[in-house]
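Peer 1: Okay, here's what each chain looks like letter by letter:
There are 2 protein chains.
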Amino acid sequence: MSKVTPIAQGNVKVTRDDWLLAARDILVRRGVGEVKILTLSETLDVSRSSFYWYFKDRTELLDALLDDWEATNIRTIIVHCEMQASGIDEAACNFFRCFVNPKLFDQRLDFAIREWARRDASVRSRIDAADDARLAAVIAMFVRHGYAVEEAGWRARIIYYMQLGYHALEVTEPMETRMSRLPGYLRGFTGRDPDIAVITAFAAYAEQKALT
Amino acid sequence: MSKVTPIAQGNVKVTRDDWLLAARDILVRRGVGEVKILTLSETLDVSRSSFYWYFKDRTELLDALLDDWEATNIRTIIVHCEMQASGIDEAACNFFRCFVNPKLFDQRLDFAIREWARRDASVRSRIDAADDARLAAVIAMFVRHGYAVEEAGWRARIIYYMQLGYHALEVTEPMETRMSRLPGYLRGFTGRDPDIAVITAFAAYAEQKALT
DNA sequence: TAATCTCTGGACAGATATGTCCATTGCGCA
DNA sequence: TGCGCAATGGACATATCTGTCCAGAGATTA
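Line by line, the protein sequences are chains A and B.
Just so we're aligned, residue 1 is where the first sequence starts under the working numbering, counting upward by one.
Just so we're aligned, residue 1 is where the second sequence starts under the working numbering, counting upward by one.
Any given hint could be a false lead.
Stated by the list, open to error - With beta-carbon atoms standing in for the labels, derived distance ranges: (1) A/D120 to B/Y52: 27 to 35 Å; (2) A/E60 to B/D57: 30 to 38 Å; (3) B/D17 to A/D120: 28 to 36 Å.
Worth flagging that the hints you see were computed from the coordinates, not collected in a lab.
Beta carbons: idealized from backbone N, C-alpha and C, even for Gly.
Can you build the whole structure from these sequences, using the hints too?
Peer 2: Here it is, written out as structure tokens:
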């Protein structure tokens with residue numbers, strides 16, 4: 001009687017995706033090093049051996065996580081840069097909206113991968129390729145709106161770096177505080193989303209004429 | 001004869017600082033998770049027990065690394081922001097020079113700490129405090145050069161984020177490539193240092209009048 | 001020379017991972 | 001109802017890392 005239903009409450013089967021999701025959660029919150037089969041099996045309330053039915057070994061799981069990341073965080077940015085837009089301001093807003101929407105682009109996942117890359121050369125080269133591809137898309141966006149390639153490359157780097165740095169901080173201050181820091185001439189834009197602050201910062205910058 | 005001189009070549013004593021330096025090296029290159037006493041003892045070619053003479057346990061070593069980081073990477077930025085300067089451009093250059101000089105500010109160490117913070121709340125609060133202190137110094141710099149507090153806070157964030165993002169990428173492209181991407185009107189500034197590119201980018205931006 | 005202090009090596013115990021093997025459960029289907 | 005297979009649990013072997021204990025090597029000092 002003490003072992004009637006091992007699959008107690010949920011009675012739902014643990015799928016490959018469950019392992020993957022749990023792993024991704026740990027990856028994001030604690031880093032690759034903490035993605036351990038033992039830990040995952042405990043959160044899923046399943047024995048470790050079950051893992052080896054779905055995956056050959058830990059490496060196969062990690063590879064799947066990388067693929068998952070590429071699907072989420074690369075294509076999205078590129079697509080958003082290529083969206084139809086009437087002017088550079090609108091185009092830039094497309095870009096930033098995707099960067100800022102956790103359903104489209106998971107910045108914490110992105111940083112978890114960056115950390116991972118520091119100790120794994122193959123991951124390093126994959127994220128380098130990702131950065132290149134994204135940057136190329138942003139550059140193309142500027143070029144499409146009339147900037148010379150040289151100038152476009154420069155501007156693309158400024159906003160891309162700025163956006164990464166913004167996320168690197170994992171800014172957690174409440175919306176009101178952040179809003180109150182905005183200069184008056186930007187506050188009109190900020191009704192919708194706290195992170196729109198970054199968008200408007202760039203939009204204001206982009207409005208400037210190139211220096212000569 | 002097989003064990004004559006255990007302390008083979010160097011014959012130099014392993015000091016507490018040796019442990020600390022080795023640990024810091026691993027921390028920067030591989031992350032906290034890889035800072036292991038066993039690994040360190042192997043690189044130092046000494047038995048593990050020696051470690052416990054200098055440190056109570058692994059935690060004490062990690063605490064020491066945190067203190068080391070605070071001494072290196074916080075005070076420096078603040079001091080450089082407070083340096084005497086004739087105008088905002090010169091002041092900003094002071095700020096960026098320190099950010100860019102690995103002897104004054106180790107950005108890889110900074111990111112290693114950020115990664116660590118993701119899985120340790122106490123580290124999280126220390127790096128949050130560090131970011132606050134640095135940002136406050138940059139804001140003060142702008143204020144000292146005539147910007148209103150609100151505007152200063154805004155500008156400080158833009159350059160601080162941008163600088164972090166620049167480092168997040170661990171940019172490794174050769175100097176010529178990077179230089180060739182600079183727009184002509186900036187290229188005049190770039191004789192001295194590859195990373196001056198970032199400085200001039202900001203300097204150009206800072207020259208702009210506030211929008212109204 | 002002898003006593004003392006600093007530091008190190010090696011043995012031991014215990015915690016935490018990974019991966020393998022195999023018996024067994026329970027669901028879908030003939 | 002019973003068969004077969006997808007999926008799981010539990011035991012086992014092994015690796016890696018931490019921390020403790022203690023004997024003892026070397027240098028320093030009395």
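Peer 1: Hint by hint, which ones does the structure fall short of?
Peer 2: No numbers; nothing is violated.
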